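Number of protein chains: 2
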Amino acid sequence: MKQLLAYVLIAGLISCTGTTPPAAGNRDPLPSWNEGQTKESIIQFVLEVTNEAGPDYVPVKDRIAVFDNDGNLWSEKPVYFQLLFAMDQVRKLADQHPEWKTEQPFKAVLENDMETLASFGEHGILELVMATHAGNTTEEFEYTVKNWLSTARHPRFDRPYTDLVFQPMLELISYLQDNQFKTFIVSGGGLDFMRPWVEEVYNIPRDQVVGSSIKTEFVFEDGIPVLKKLPEIDFIDDKEGKPVGIHKFIGRRPIFCSGNSDGDLAMMQWTAAGDGPRFMLYLHHTDSVREWAYDRNSSVGRLDKGLDAAVENGWTLIDIQNDWKLIYPFEKPQ
Amino acid sequence: MKQLLAYVLIAGLISCTGTTPPAAGNRDPLPSWNEGQTKESIIQFVLEVTNEAGPDYVPVKDRIAVFDNDGNLWSEKPVYFQLLFAMDQVRKLADQHPEWKTEQPFKAVLENDMETLASFGEHGILELVMATHAGNTTEEFEYTVKNWLSTARHPRFDRPYTDLVFQPMLELISYLQDNQFKTFIVSGGGLDFMRPWVEEVYNIPRDQVVGSSIKTEFVFEDGIPVLKKLPEIDFIDDKEGKPVGIHKFIGRRPIFCSGNSDGDLAMMQWTAAGDGPRFMLYLHHTDSVREWAYDRNSSVGRLDKGLDAAVENGWTLIDIQNDWKLIYPFEKPQ
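Note that the protein sequences, when read in sequence, are chains Z and L.
Just add 90 to the spot in the first sequence (first one is 1) and you have the working numbering.
Just add 90 to the spot in the second sequence (first one is 1) and you have the working numbering.
Since the hints were made in silico from the structure, they are not lab data.
Honestly, I wouldn't trust all of these hints.
A pair counts as met if it fits within one copy or between any two copies, since identical chains are not told apart.
The list that follows gives simulated cross-link-like pairs (lysine-lysine, DSS-like), each with its CA atoms no further than 27 Å apart [stated by the list, open to error]:
hint	residue 1	residue 2
1	Lys318	Lys395
2	Lys329	Lys305
3	Lys305	Lys318
4	Lys236	Lys151
5	Lys167	Lys191
6	Lys151	Lys305
7	Lys318	Lys151
8	Lys167	Lys197
9	Lys236	Lys318
10	Lys197	Lys182
11	Lys182	Lys395
12	Lys305	Lys422
Keep in mind the model is a prediction, meaning the values are calculated, not measured.
Model the full structure from these sequences, guided by the hints.
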């Protein structure tokens, strides 16, 4: 682990200049990652872009890191957690909508047909959200999300969904933040579904979230201004939409991109095509015991073209089984 | 100036706790503002929301401040500076578009008819931008904006447009930032027109800008991924669009809102309607000598309903003539 030793030495030197925050001291910044090429290449990159004296130094304002969410910062099986949320909302209102028994994607919800539902992608989720929440204010929707998260349990782990975030990725976010990266989520998931909890769970501010959304409208209700959700799609932040969303919300090309599916390929390409040092990190779900193993044939989080592109371009691949000591925070020794 | 004295004393106490950054020491945080009610009320508000022991303390994550740009952080006469930019672009391409001689808003550009142009509002500006820049990549557009700003001169002051920012507002932004507010621009102006220079001029990061935009598309050009501007409006961040934009880009209701026209009224109302302490600040252009004097009858930056609402609700009004010692940074004594 010559590189890790070099890291400790260089970090020690850098910290004396006062430009690097205390966290970059000599403790291991990624304790839940096994030693190996993946971990080393991440640390090497961070050392290079933060080394003011080196050829690959990147000014703080350009240290933009983007992270996909579903399957990248938390699990996404049996299906996207937001889809499970939307399904619960549909079930609650099904009595008032007899037509849902024959109309997709509602029919699939009522029949618990995950495979069909997953095939509708982010668009299907938004349709369910629109059908169940158009007319609600943004604050009512936030309340519904928080309420669901505090009561719903994951079918396999019997825990709140927010327990199923990846401990090694939490460490990576924190490590980048300690090195003055500005960290963003760039997810196909709903903006308003993520914002109520990402701050507490990932330490990523609400305004550093890019996601899919439906339109809202500013109106007065009993003399009080509210934002009402409309039954109209505003933006789908998936595939080619991701670099578009990055440009719109962030306005600067990332130098660090982390994702796990073909939906992240365009933002990987967009990140890779910039000047100077950059890091593309694809997470490969390889652990059928501790998490799930899937890639080219999965209807949720398919990694097919992205896997080819990663290999072809020499991007870094996380192999969960080999690279991670543990998956979830609750596995940490007490 | 009892309140200012109190400020100095309390700031001194707070700074001892280590939670307030050094800038909140006992120097005057707003040196270009005359002593008086406007300055005092701003300082009073900041003291209250940052005083951990007080009833109006606001946690750092909720300290969101939003600023309109045109006529609020820089001047907007004779017309919005972005309109002058767009007019220059239209003139450059006019030979290739004989139809512009009879089509609005191009006809008004070629006839230098500012009054008519101003009447088209943000929508008119976007139309000019679309006509001149659809098909360009986002990077080409950024280059065009930077190039224009480095060569164009304001007709009255014969200086670069970015010289015409308001020194007292720069101090206000900096004062809020020193007190751990996260500062955002929320402008009807174009996102991609503002981002190339706001960071340097206002010290507001590119991702903390909300504005109007046209759509972009992610495509490969000669094997290189680019974002191309499309001739289609994406979002108009004006009037009722401002709270919508705030929700979409920031995802949290501001506690401090600064604007100068009726276009800012909806975001003032949205800010005002939240719980806890909040500050609504309307800038009134009252100085016909050092800047411009205009309000209810101006086609650019009209302040009519907003002025009524400010008076009715007891919002703070900046009276430029009385409240500001100087307007532009270049007036500062050398």
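Task: Unmet hints by their number, sorted upward, for this structure - done: 11, 12
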